[in-house]
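Undergrad: Take a look at the letters that make up each chain.
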Amino acid sequence: MYPEHSLLATRRHLLQTSAVGFGHLAFQSLLQQTATAADATPPGRPADPLAAKQPHFPPRAKRIVFLFMKGGPSHVDTFDPKPLLDRDHGKPLPFDLPRVTFAKQGNLLKSPWKFRQYGESGLPVSDLFPHVSRHIDELCILRSVHGTNPAHGGALLKLHTGSDQFVRPSMGSWVTYGLGTDNQNLPAFITICPTLAHGGVNNWGAAFLPAYCQGTPIGNASLAASQVKVKHIRNPRHDETTQRSQLDLLAEMNREHLEQSGASQSLEGRLNSFELAFRMQTAMPEVQDISRESAETFKLYGIDDPVTENFGRQCLMARRFLEQGVRFVQVTHSDSEVQWDQHGDLYRGHTKNAAEVDKPIAGFLQDLKSRGLLEDTLVLWGGEFGRTPTAQGTDGRDHNPHGFTMWLAGGGVKKGFAYGATDDYGYYAAENKMHVHDLHATLLHLMGMHHDQLTYRYAGRDFRLTDIAGHVAKEILA
Amino acid sequence: MFMNPALRKACRCRVRGVALSILMLLLVSGPSRILAEDSAGLEIFEKHVRPVLIAHCYECHAADEANGGLKVDSRPALLRGGDSGPAVTPGEPEKSLLLEAIRYGNPDMQMPPQNRLAKAEVEAIEKWIRLGAPDPREETLSPETPKALGLSIAEGKEFWSFQPLQQHQPPTVQQTDWPRNPVDHFLLAQLERQQLTPAPPADKRTLIRRATYDLIGLPPTPEEIADFLADESPEAFEKVVERLLASPHYGVRWGRHWLDVARYADSNGLDENLAFGNAWRYRDYVIEAFNKDKPFNRFVIEQIAGDLLPEANQETRTATGYLALGARVLAEPDREKLVMDTIDEQLDTLGKTFLGMTFGCVRCHDHKFDPITQVDYYALAAIFKSTRSFADSNTGAIKHWFEHSFADEAEQERLKEIDKQIAEKNRAASSYKSQATTALVNQTRALATEYLIAAAQLHPSQSLNEVAAVAAPLGLHPRVLHHCRLHLHYHQDDALFARWRELAAAGDLAGIEQHYRPLFTQAEAAWTQARKDDPKATRLEDETLEQARLALFDAAGFLAIPAKPEFAFDEATLTEYYRLMEEARVFESQAADLTAAMGVSDGTIQETLPVHIRGNHRNLGVPVAREFPEVMRVSTVRPILPKSESGRRELAEWLASSQHPLTARVYVNRIWRWHFGQGIVNTPDNFGLLGDRPSHPELLDWLARTFIESGWSTKQMHRLIMNSAAYQMASRHPDETSSFNKDPENRLLWKFPLRRLEAEPLRDAILAVSNRLDTTLGGKSVPLRNRQFVFNHTSVDHTKYDSLRRAVYLPVIRNNLYTLFEQFDFPDPTMPTGDRQATVVAPQALLLLNAELVLESADAFADFLLAQSMDDTQRIQLAYERSFGRPPSDHEIQRALTYISEWTSAALAEREESAPSKTDGATKDASPERQAWSLFCQSLFASNEFIFVK
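Protein chains in written order, with my numbering: chain A, 5 to 482; chain B, 2 to 951.
Just so you know, the hints here were simulated from the structure itself, not pulled from any lab data. Given the structure is predicted, the values throughout are model-derived calculations rather than measurements. All residues carry an ideal CB built from backbone N, CA and C; glycine is no exception. Just so you know, not all the hints are guaranteed correct.
Straight line, CA to CA, 27 Å or less: simulated DSS-like cross-link-like pairs of lysine-lysine [unchecked claim]:
1. B/Lys295 x A/Lys108
2. A/Lys418 x A/Lys118
3. A/Lys118 x B/Lys801
4. A/Lys303 x B/Lys565
5. A/Lys108 x B/Lys338
6. B/Lys716 x B/Lys295
7. B/Lys801 x B/Lys426
8. A/Lys114 x B/Lys240
9. B/Lys120 x A/Lys95
10. B/Lys801 x A/Lys233
11. A/Lys478 x A/Lys418
12. B/Lys240 x B/Lys293
13. B/Lys120 x A/Lys478
Sample of chain B residues lacking proximity to chain A, with all beta carbon distances greater than 12 Å (derived) [what the hints assert, rightly or not]:
14. Ala41
15. Ala64
16. Pro108
17. Leu416
Whenever a hint applies, use it, and build me the whole structure from the sequences.
TA: Shown next, in the form of structure tokens:
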């Protein structure tokens, strides 16, 4: 019944048998099942949870990439020009400040940068983004986003999970839970160089959703993008042949054990998990490896320039993951400080930050477009909040969750379009206000899901990404 | 004042009563009152109000939608209002919430949420209200539309979990030779009713492996197995159970179960991740409590009110860490919100841990399903509002949690000295940085003209590499030059650089030199002179020179240097700066902490707390007095809470009372869950309407009673459960298929369930089997000083998990859990978890294949085996005994021998082929034979038999 002879010699034989073995067959057939989004597969059920699921209705976007600018880029210095701010520079804000502000606020501070109109849409962008502005006719600028929390931690959690009070699943986890993924050899939700501060893992965590919904981090914000990798993806000492021989031995032990224990879905599932892990070991580094990309591509993403190299690498990796069917990719622009957090030194800080991301983002958009990926990939850009039009010190701006700008591109949103507005000075969202919950509802909608139907029952309650709120901004749909 | 139940009820009725009386008024004088003087108002209504309401409000406030309890689709609905009160007060615009909301003046209440109404629309509504808000719309539905609420209090009292514990006799059964104790009677009776039979008894090897993992979280040693096999007395298994219960590792295992429901962690990790440097004292308290079988009722009281007991001491105060361990948004700028959020976390945890109730929902509205009202919630919240959870100190915007200090004066003095040293170390790093920065700034200013000349040779969009090529030969800083060029581009209207723009455009570098060098030299000289003449001088009189001076000295000007040290400094400076930073960090993380424990104490006593409408602390309703939830009350005589204390002690005593319907039930169900992998109630943290119903209600009550009768002894419950026939069943049934078809989830326990090891026993077993486990107990293990940042904004995690002690002593860092924990379903340490998942996912396999811990343990196991004076067959036998608790079959021995010898010879052959010269240098460590054994050992760790316990 068992091969008593050499295992190494029968490797091919074993591979063949395992390929037609009942475990594999079961796994295959499960892969073919397509459930409906959030057709709450309870944890522990054997169906391969990552298998692609049907959305609630035809989606406009199949995948999301979030370019996260940690720290809070200033909207009034980038995508939301305020002529009155220029005019009334140095005067007090002519209306009330919020009840709670993060820091003490001074008078109005005009933007140190000029805005120019670009493209056919003529939408204005400040001089901070000369490269991105060339793609203005692809962007859908959301000028009325608002959140609730004026501190980094709370605001990051709110933006990523919808809650600044409890640990809740991240939006990437919800999307994974709802839609599964197209490539079974890669994680469904990947976050590149995320920050470990201000919520850290909670920002890509699955919370109470099943473990497979967890984001897979590649490195973190303190590591150079050229150095990062997924934990345990490579064996530090054995080559593939050795590991294969070991896996064959293991598979045989497990099969015998299974026969003695009687049919069990978890035992079989675990047998398969080693095969999947083995495939992932090859697939993941291969997709992540940008070394075979052309010199032109490197140039396009600014990888040939130390200023843009780091973020360029992250963006290029993101494109490769998206191309391979990863459902949700986040790219974080952060460093060992709170990157975009210019309480002081606005001019120098924003100059540096924008210079680091401008070209890579433009290159990324260009690349997605020329590969036909922008059609069904939704790009989201922005920080956890914006900054106040009022000054902090002489050359700084405080946190402002009351009105700020994010932008979308691709994936079924209007092009060259600006949605919503802040007040005359850019302090509060005023027109077509889009709360973070509304943003989430809209993202899910673009992915083909009803935000109020994507639910998970936990501890006696049905949870949603949008909690009890959320309004889809239909006006931005193409 | 304490409010009696009748009064409280009256309160609730009054709210309803107000609505009713308004309604009656309307029924009498409502629609018919449309008189001539209303016609102007009505016209406004029809023209300007009704269309606005329909267009902007009906989506959420009409027909079936009543967000915030408010509907605006009829006059009665508007007058009755929502959760915050009446929406319209006819004739009084300033008192009308509707107007307040649409005026957008109150940031906490702005409607419509997306867009404010046009000014004219707001004015029309204001006018309409002033005219008495005439409105012909009648209510189509009954005004008292039943809210989507679940059980009323009366219905709740009938619900199974709120009923008093029943007294059940163990039922009679047919198969009388099976039961070993009453537990079995209850189980078997149910099985027989379903025509199911229990599985046969497990063999002794399976049994001791099951029990050992179950009670101490480690595999049995070959010696322990041999002893048990040799003991043929009928009490052999009881003796094993007693031995295990007496082991200090029992507390390690079962204490950890409790830490799951106490959401234990060593760091805050919500917004700001500060180390809970003293949390370990609570952890050790819990482990110790299990080891000494502290009566559970006492355990409850100590954790909730250990500081208020007459005999309060360090141990009982440490116990209140239970209330302090939650994750809080420590940098929340709104202090009042922070306090209420903290209370909410405490109540939610308390509810889930002890009562299996989800109180969190009730903060904003009456429970949608369970018979718990907002009044109940705020009555409990008042107790915690009177409790102190925060210290007076803070680190910047970050508030400190409260701690009980046990330090004497001498220690406090010593600690002050250490604090000073930490501050000095930090200062050393920052002053080094500022000195280096100043040097760089001065050096850059001296080269101002050179920067302008170099910038003239560049285009603003050129890459840093290109900039560096220009900068290097001139001895300029590439990043400063890069910025300089961008700055000149951004400031095209700066008069100082007008000349530069002309000259640069003409490519006249000499011209730049001629114009700017004297200008800068003069400006600097003039400034030096001006300061000499008047140290208080603020500017130069010559406008041109003043502009030049301003530009030269502007930290954010054309010579701005990068803010990031790694961009500003050269290698040597940077290395020294990092060295000083690291020195300060290491010094701090190793510095002693004040002897103190996280916990709570009484604060300002607040006898009542207003209901927070929609959970909003800016929207307050009726005040309620401190109390316990109505549906769970065990007596009609209400406790009288002291004015001088928070009432936590009374709350704790009420929870720990033998009359309480939930406490004992919830806890024995937890014990059952931890033994069998699923509870009698399969949702151990939810005994409410949405929770599971008990599979064996009589057994649950019998266990709860027996538990209380035993003096709330946890160890007695272990004895009872483990000595049952049910616990000792095999995990395979001879009639598997038909049993499965009748009860696929094995709720009735027709066999013992197969269980995947949790993260900690898995890791500990790998270390134990490979002979690496360090069994030292207790003490601080998080490598951070109390309140030190785990990682501030640096995202560098210095926490190490290479300790070889039991996993319970590994740091639990919220936000950045140990990878092995995270992958193997360690619970989210921000919320109570009584029912861990047991997922099977590929990253677990990656970890077992590639993680250092596993590879090193496989090496250690190989070395251990190779060091025995035995032959390879015996080594394989020993490996199986240690890993699986059984000897291998001949076939398995043969396979392992073949694998090892073939891999060894293949590797030797390969080695000779590729690098024959290296073989002589090969140490034992790298020997192919040892590698082969290590690969084999690792396969044992990774195997299903290792990780699944029968």
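Undergrad: Sort out whether A/Lys118 lies within 27 Å of A/Lys418, counting only the CA atoms.
TA: Holds, because 26 Å separates the two Cα atoms, which is no more than 27 Å.
Undergrad: So if I understand the rule, the pair passes when the alpha-carbon distance is 27 Å or less; does B/Lys716 with B/Lys295 pass?
TA: holds (9 Å)
Undergrad: Check the hint pairing B/Lys120 with A/Lys478 against an upper bound of 27 Å on the C-alpha distance.
TA: It holds: about 25 Å lies between the C-alpha atoms, which stays within 27 Å.
Undergrad: According to the definition I'm using, a residue is off the interface if its beta carbon is farther than 12 Å from all beta carbons of the partner; does B/Leu416 meet that for chain A?
TA: holds (27 Å)
Undergrad: Is the nearest Cβ of chain A still more than 12 Å from the Cβ of B/Ala64?
TA: The claim stands: B/Ala64 keeps its Cβ more than 12 Å from every Cβ of chain A (closest is about 17 Å).
Undergrad: Check whether the Cα positions of A/Lys303 and B/Lys565 lie no farther apart than 27 Å.
TA: Answer holds: A/Lys303 to B/Lys565 is near 25 Å, not above 27 Å.
Undergrad: Holds or violated: B/Lys120 with A/Lys95, Cα cutoff 27 Å?
TA: holds (25 Å)
Undergrad: Does A/Lys108 sit within 27 Å of B/Lys295, going by the straight-line distance between their CA atoms?
TA: Between B/Lys295 and A/Lys108 the Cα gap is close to 52 Å, so the pair fails against 27 Å, i.e. violated.
Undergrad: Hint check: A/Lys114 vs B/Lys240, CA-CA at most 27 Å. Holds or violated?
TA: violated (80 Å)
Undergrad: Next pair to validate is B/Lys240 with B/Lys293; report whether the Cα-Cα distance is within 27 Å.
TA: Satisfied, since the Cα-Cα distance of roughly 18 Å is no more than 27 Å.
Undergrad: Check whether the Cα positions of B/Lys801 and B/Lys426 lie no farther apart than 27 Å.
TA: holds (23 Å)
Undergrad: Are the Cα positions of A/Lys118 and B/Lys801 separated by 27 Å at most?
TA: Answer violated: A/Lys118 to B/Lys801 is near 49 Å, above 27 Å.
In summary, the numbered hints that this structure violates are 1, 3, 8, 16.
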